Structures are given as structure tokens and as C-alpha cells.
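There are 2 protein chains.
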Amino acid sequence: MATIKDIAKRAGVSTSTVSLVINNKGYVSPETRQKVLKAIEELNYKPLYPARKLATGKTGNIGFIIWEAHFSEVEMFYSQIFLGMEYAARDTDYYILLTTVKEDFDPKSDLPRFLKYRDVDGVALAGRVPHSLIFYLEEQGIPFVLVDYCIPRKNFNCVLIDNFNGAYQAVEHLIKSGRRKIAFIGGSYVHPSIKERYRGYKEALIDNGVISEGDSNYLKKYSYLEEAETSRIIGERGAEELLNQSDPPDAIFACNDTTAMGVISAVKKLNLEIPRDISIVGFDNIPSSVFDSPKLSTVDVPKFSLGKEAFRLLLEAIEEPLGPPQTRIVAVNFIKRESC
Amino acid sequence: MATIKDIAKRAGVSTSTVSLVINNKGYVSPETRQKVLKAIEELNYKPLYPARKLATGKTGNIGFIIWEAHFSEVEMFYSQIFLGMEYAARDTDYYILLTTVKEDFDPKSDLPRFLKYRDVDGVALAGRVPHSLIFYLEEQGIPFVLVDYCIPRKNFNCVLIDNFNGAYQAVEHLIKSGRRKIAFIGGSYVHPSIKERYRGYKEALIDNGVISEGDSNYLKKYSYLEEAETSRIIGERGAEELLNQSDPPDAIFACNDTTAMGVISAVKKLNLEIPRDISIVGFDNIPSSVFDSPKLSTVDVPKFSLGKEAFRLLLEAIEEPLGPPQTRIVAVNFIKRESC
DNA sequence: CTGAAAGCGCTTACAG
DNA sequence: CTGAAAGCGCTTACAG
Numbered sequence: 003m004a005t006i007k008d009i010a011k012r013a014g015v016s017t018s019t020v021s022l023v024i025n026n027k028g029y030v031s032p033e034t035r036q037k038v039l040k041a042i043e044e045l046n047y048k049p050l051y052p053a054r055k056l057a058t059g060k061t062g063n064i065g066f067i068i069w070e071a072h073f074s075e076v077e078m079f080y081s082q083i084f085l086g087m088e089y090a091a092r093d094t095d096y097y098i099l100l101t102t103v104k105e106d107f108d109p110k111s112d113l114p115r116f117l118k119y120r121d122v123d124g125v126a127l128a129g130r131v132p133h134s135l136i137f138y139l140e141e142q143g144i145p146f147v148l149v150d151y152c153i154p155r156k157n158f159n160c161v162l163i164d165n166f167n168g169a170y171q172a173v174e175h176l177i178k179s180g181r182r183k184i185a186f187i188g189g190s191y192v193h194p195s196i197k198e199r200y201r202g203y204k205e206a207l208i209d210n211g212v213i214s215e216g217d218s219n220y221l222k223k224y225s226y227l228e229e230a231e232t233s234r235i236i237g238e239r240g241a242e243e244l245l246n247q248s249d250p251p252d253a254i255f256a257c258n259d260t261t262a263m264g265v266i267s268a269v270k271k272l273n274l275e276i277p278r279d280i281s282i283v284g285f286d287n288i289p290s291s292v293f294d295s296p297k298l299s300t301v302d303v304p305k306f307s308l309g310k311e312a313f314r315l316l317l318e319a320i321e322e323p324l325g326p327p328q329t330r331i332v333a334v335n336f337i338k339r340e341s342c
Numbered sequence: 003m004a005t006i007k008d009i010a011k012r013a014g015v016s017t018s019t020v021s022l023v024i025n026n027k028g029y030v031s032p033e034t035r036q037k038v039l040k041a042i043e044e045l046n047y048k049p050l051y052p053a054r055k056l057a058t059g060k061t062g063n064i065g066f067i068i069w070e071a072h073f074s075e076v077e078m079f080y081s082q083i084f085l086g087m088e089y090a091a092r093d094t095d096y097y098i099l100l101t102t103v104k105e106d107f108d109p110k111s112d113l114p115r116f117l118k119y120r121d122v123d124g125v126a127l128a129g130r131v132p133h134s135l136i137f138y139l140e141e142q143g144i145p146f147v148l149v150d151y152c153i154p155r156k157n158f159n160c161v162l163i164d165n166f167n168g169a170y171q172a173v174e175h176l177i178k179s180g181r182r183k184i185a186f187i188g189g190s191y192v193h194p195s196i197k198e199r200y201r202g203y204k205e206a207l208i209d210n211g212v213i214s215e216g217d218s219n220y221l222k223k224y225s226y227l228e229e230a231e232t233s234r235i236i237g238e239r240g241a242e243e244l245l246n247q248s249d250p251p252d253a254i255f256a257c258n259d260t261t262a263m264g265v266i267s268a269v270k271k272l273n274l275e276i277p278r279d280i281s282i283v284g285f286d287n288i289p290s291s292v293f294d295s296p297k298l299s300t301v302d303v304p305k306f307s308l309g310k311e312a313f314r315l316l317l318e319a320i321e322e323p324l325g326p327p328q329t330r331i332v333a334v335n336f337i338k339r340e341s342c
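Protein chains in written order, with this note's numbering: chain A, 3 to 342; chain B, 3 to 342.
A hint or two may mislead.
All copies of an identical chain are treated as equivalent in the list; a pair is satisfied when it fits inside any one copy or across any two copies.
Below, computed lysine to aspartate or glutamate pairings styled on EDC-like, alpha-carbon distance capped at 20 angstroms [unchecked claim]:
(1) Lys197 / Glu231
(2) Lys297 / Glu275
(3) Lys118 / Glu44
(4) Lys223 / Glu105
(5) Lys7 / Asp279
(6) Lys271 / Asp252
(7) Lys183 / Glu105
(8) Lys27 / Asp249
(9) Lys27 / Glu322
(10) Lys197 / Glu215
(11) Lys118 / Glu43
(12) Lys104 / Glu44
(13) Lys48 / Asp249
(14) Lys60 / Asp164
(15) Lys271 / Glu340
(16) Lys270 / Asp294
(17) Lys222 / Glu243
(18) Lys11 / Glu340
(19) Lys11 / Glu75
(20) Lys110 / Glu43
(21) Lys11 / Glu70
(22) Lys297 / Glu238
(23) Lys197 / Glu174
(24) Lys270 / Asp108
(25) Lys7 / Glu140
To be clear, the hints were calculated from the coordinates, so they are not data collected in a lab.
If you're wondering where the values come from, they're calculated on a predicted model, not measured in any experiment.
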């Protein structure tokens, strides 16, 4: 493999000059630059990372951390975010190190290796992750970005999706299609995303005159909120409870597709027909929502863009460690399919 | 951060000695070793990777390559393999670099960065990947291992699951439960795994006296083989065709769970009851097979173990690049659920 | 605008 | 069994 010396010799310059053109630093006369570039081309030269890393102190790595249960989940939400980052990283010199942490993570003993040994320049955390991890990063001054997650009242770099607008759009669609008794089913209510979706749900109801500002009866009657990791089960339980009351809903907005799947299976058990008797809308646009019957109307979350944006933001944070934390919002789109 | 010099000074030895104990090389007197270890402990020292890498020429990275369509698939098959590798890697100094390649991969232009720049010591390839990639690795002398895939007649390191036995067990179970007209539905027939499953299917039939050695009529009548990426659609088409003929099967062994899902939906359309009228068995034990109704009987593939084993094998291949290629088989287990 | 030289933190023959 | 020294391939003040 060619080294920087070979290039220097071939171009008839010093290694310093070669280094300067490689890194686009300082001033190099156009002719010299050309010569160097030519030599690089001819020898098919590529700087050896470890050497550069040793000299600069940068690791060239970025960590990607996800809660293990999420990564092992049925749907590909987080893998797609990772892939978005990986694609963005391909235009750079960074490698991405993917790893998982358990829910009962303890910074003392369970630190991912690349954190323990400082082998990353920054880290992205996707979805809900242990707060102790986040605080550890903050404390250590390691640049990081939260993806599809944030901690209320804490000012961290994060890239979020427009949960509020997604929910708003979905519910507005239900209203415009004639539904008036629209229920919300959600688990993990403390999760900021779910909260935002609930807020979008309410606002759409209010803005479209279905309920008035302070109408807590409607909300109480048609909201099923359970503090637990969102899942099919919650959808099933919620739908059963809501549909078995008097004056049941004619539409259900589930806080995510997985929950919506549970709703559908409960609705089917009750021999209701979708969407004739009841409309159902989910959120996330997970792959299987296309296969199920009826095909689920939902809100598409552009996971890939989420990852790309996260990478960009993280890069900025690495380059400017002292800059103020930023929040970036990625837009979402309602997708009408068969379930409403 | 403490360096090797700090340790040397504190332990009152040279850096060479420190290096020797860190790497467990050469002979160091027990007392000196103790002193060094103590200093390392006290200063919480960890060798800086890039420096070590520069000195040794090792990168400390392992590549994990997967076909992009697989990674974006609904089910978590490959993520679990990755996770198995990542867990195994945690006991070592290796980091794993996950990336995807497209199906129309061209070694000239689409080489993953870590290959182009030689930033890995070895690579694992999971599932079906472009052969041109495999041949590139072979040519370049980069140690690699194929996971859940192999190329017939080529002698490469690979870790496979016991497809034959899995299929055999499943079909034998169907026979023992009284079924005699057992169909096979498979896509991607050239895929070695599917071939092996088909072979297991046949052998079980023969060994249990359902058909005689040369009975091609039975096989012709009850086999639906379509050369295409396996999918629900193939399951649906296959089931329709097989069930609409005279003397239809009373059991279907689908080459994988995704296909089995298609079979189930076709069977339901025909108003047959599972397992009363027909038994169905899949292969892979994907997460959703537990949720669907009826719950799918299937063959569990220990993805996690597959990844762990792959890592071990790859490590051996890296340490002994000239050793003969090995094939390792990971056992599978039939899981009886509701569909048979 | 460019070159000589020191330094990043390790490992590894080589002496002793 | 242990130490002094060279070397891995870069980058970066510092002179000029």
C-alpha cells in the first residue's frame, strides 16, 4: 500500500504538502496541488486511518446506541434509522458502531466499549434509551444526538418527527370522512412522542369543532391511556374497553401501528367491519401494515431521513462542541389505505 | 488519559515490559507483572487503539455485510445474527462495522468503504450476498465467513443451520400426527438452504414409508417450487394451486415462515380450518409467527448463536489465514404451536 | 507557499 | 527476564 511518503516522492514535494492537500488545509499552489492529486490518483493512495487518528486524536468513529428490546423488535423502525445514518456516513470518513444497551443499563458497568475506551467522536441514540446513559454523555462532554426521542425540559441535540402534525392530519382526515366519536389509544404515555400525538389528536378535534376547548368528558370517554411499553396487547385491551361501553367510538386513532394491530384484532373479534363500522388509523407505517387486512391507514415516518439528519446534526456538534443544542423536526405524511 | 509511559514510570519498568504484559507475550516475572497490572489498575489505563493499530497493522475492525433488501425486510432475522456477533465481539477488542450492499453490487464501484480502505481484518457476510463480493474477498485474501449461506462446490468458511434436520423433524411430526399428503412450497429453489429443506422433506417422507425411494409422482403432485425470492405471494400462489387440484394435500410444509403466512391467508380464503382440515408448518420462527392466528408451528433458527459462532470462526480465520476453510452447523428445533 | 522535524502511543526485534 | 531504540504513517507548529 502506498504511503504519504510515496506520494511526496512521486510528486516531488514534502509529506507536509501532501497532507495539506489531502486535508484541504493551508495554501498550496494550484500546480503543486495538481501534481499531488495526480500522484494520489496514480498510486491509488488512501491515508491510513489509524495513523491519522493517532496524529489528530480523532477516532473517526461514531456510536449508534439503541435499546436492545427495540432492536430485537419485530419491526424495522430502528434499523432504518441506522441505515439512514450509515448512508450519510458513506460520504465521510466516519464509521458507525452499532450497539445495544439493556433497559437496566448502569453507566458504571454496562458502558458500551467504544464509550469506555473513548473510541468514538460522538454518538447517536435512537428511541428511548436509559437517561443515565444520556447524562453520562453530557457529563463527559461527548457530543451526542437523540433521535426520535427527547427529554422534556432538557436542552439536548435531537432530531424528532413531527408527531403533533402527523396525529393532527390523521385525526382531521377521520373527521372529514364523517367520524365524530374518535378514540385515542396509547401506551407509554410519558413518552414525549406519544404525548405529542395525543396533543395533535386533541387539537384536531378542537380545531374542527368536534369538541370545545375544555371538553374533558369526550376525552375521558374516548381516551385509553395505559402507562406501559406500547404493544398489540394495549391495542386489544383498549379497543375492547372502549367498544364495550355505551355510545362506542366510530373511529380509533392508535398511537402507533403495533397498537393499531391489536385494535384491529379486537375489532374483528367483536365482528365489526372495518371501515364500515369503525375506522382505524395508526402511526409509523411499519412494513407489515401493508400486508395486513385491511391495509392500515397510518402516518409515515421517514426513518431513513431521520437517520441522515441525525448524522448531519451530530457532525456539526462534533465540529462545534460548544454550539447550542439544536432540535430538528422531520416532516411526516398521512397515508390513506383501507382501514378508514 | 494515561499512556503506556505513565504505566511504565509508575511500575518502574520500561514501556516494552508493559506492552508485554498487556498483550500476554514473552516472559515477564510474576512480580514485575503484578507491579504493572497494579499500575494499570490504578491509572485505569487502556491502550489507545489507533496507536496499537498503527504499530501492528491490524485494524481491530470486522465488517458485517448484508444484502440491503434483507436488512430492510420486515423480520429481524439478520439483525439478530448481527447482535449475536456484536455480543461475541464484546469480549474482544474488535468492533463490528455493519453495512449493506445492493443486489446489483459491483466490486469496482460499490465496495463498502471499510473494504476499499482495508479498514477491517475480516468480514462476515450474512445470508445471500452477491457472489462477486465473495470472490473479491477470496481474491484479495481477506478472511471471511459466510453466515446462513454457502456456495455449492466452493469451499469457504461458513456457518450454517441444520436445514436438513429441521425440515426432517417438521415433516416427521406431520406424518406422526397422521398426515399423509404433505406438500412442500418453496421459492428461491436454487438457494442452498431451501434445497436442503426440500431434501429433509423428501427423506422424512421416505424414511417414514409415506413414499418409496423413486416416487416422483407424489413429489410432482405435492411440490410447488418457484424460482423467486421467497415471499408471502409465493405461499399464496402455491397453496391455491395445490389445494385446487383433486386429492389436495392435508398438510403443507412451507420453506419459511413468510411463505407460510401466505399459505395461511390462502387457506383461510378457501374456508379451510387449520389444523382440522390442513396442517401448516413453517421454518425460521420469525417473531410474528407467534402473533398470528393460528400460531404457526415452525422450526426455530437460533440467529443469535449463528452470529456468535460466525464471530468465533472468523477470529480463527483471521489468526490462521492459511488454515483450511471450515463449515460449522448450528442445530435447530421444531416448535409445535397451533397450526398442526 | 513549502520543507524539516517532532510527536501522536503503541509494538517489536535486538541487545544484554 | 528487561530496557533502549526504531518504526508504524500520519499531522502540525515552526522556519524560511
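Consistency of the hints with the structure:
no.	hint	in the structure
1	Lys197 / Glu231	within (14 angstroms within a copy, 41 angstroms between copies)
2	Lys297 / Glu275	within (13 angstroms within a copy, 23 angstroms between copies)
3	Lys118 / Glu44	between (40 angstroms within a copy, 16 angstroms between copies)
4	Lys223 / Glu105	neither (33 angstroms within a copy, 51 angstroms between copies)
5	Lys7 / Asp279	neither (76 angstroms within a copy, 76 angstroms between copies)
6	Lys271 / Asp252	within (16 angstroms within a copy, 27 angstroms between copies)
7	Lys183 / Glu105	neither (37 angstroms within a copy, 48 angstroms between copies)
8	Lys27 / Asp249	neither (71 angstroms within a copy, 78 angstroms between copies)
9	Lys27 / Glu322	within (18 angstroms within a copy, 42 angstroms between copies)
10	Lys197 / Glu215	within (18 angstroms within a copy, 64 angstroms between copies)
11	Lys118 / Glu43	between (38 angstroms within a copy, 14 angstroms between copies)
12	Lys104 / Glu44	neither (49 angstroms within a copy, 29 angstroms between copies)
13	Lys48 / Asp249	neither (70 angstroms within a copy, 66 angstroms between copies)
14	Lys60 / Asp164	neither (34 angstroms within a copy, 44 angstroms between copies)
15	Lys271 / Glu340	both (18 angstroms within a copy, 18 angstroms between copies)
16	Lys270 / Asp294	both (13 angstroms within a copy, 13 angstroms between copies)
17	Lys222 / Glu243	within (13 angstroms within a copy, 51 angstroms between copies)
18	Lys11 / Glu340	neither (68 angstroms within a copy, 73 angstroms between copies)
19	Lys11 / Glu75	neither (54 angstroms within a copy, 50 angstroms between copies)
20	Lys110 / Glu43	between (48 angstroms within a copy, 16 angstroms between copies)
21	Lys11 / Glu70	neither (51 angstroms within a copy, 42 angstroms between copies)
22	Lys297 / Glu238	both (18 angstroms within a copy, 17 angstroms between copies)
23	Lys197 / Glu174	within (18 angstroms within a copy, 51 angstroms between copies)
24	Lys270 / Asp108	neither (43 angstroms within a copy, 48 angstroms between copies)
25	Lys7 / Glu140	neither (41 angstroms within a copy, 30 angstroms between copies)
Hints 4, 5, 7, 8, 12, 13, 14, 18, 19, 21, 24, 25, counting from the list given before, are not met by this structure.
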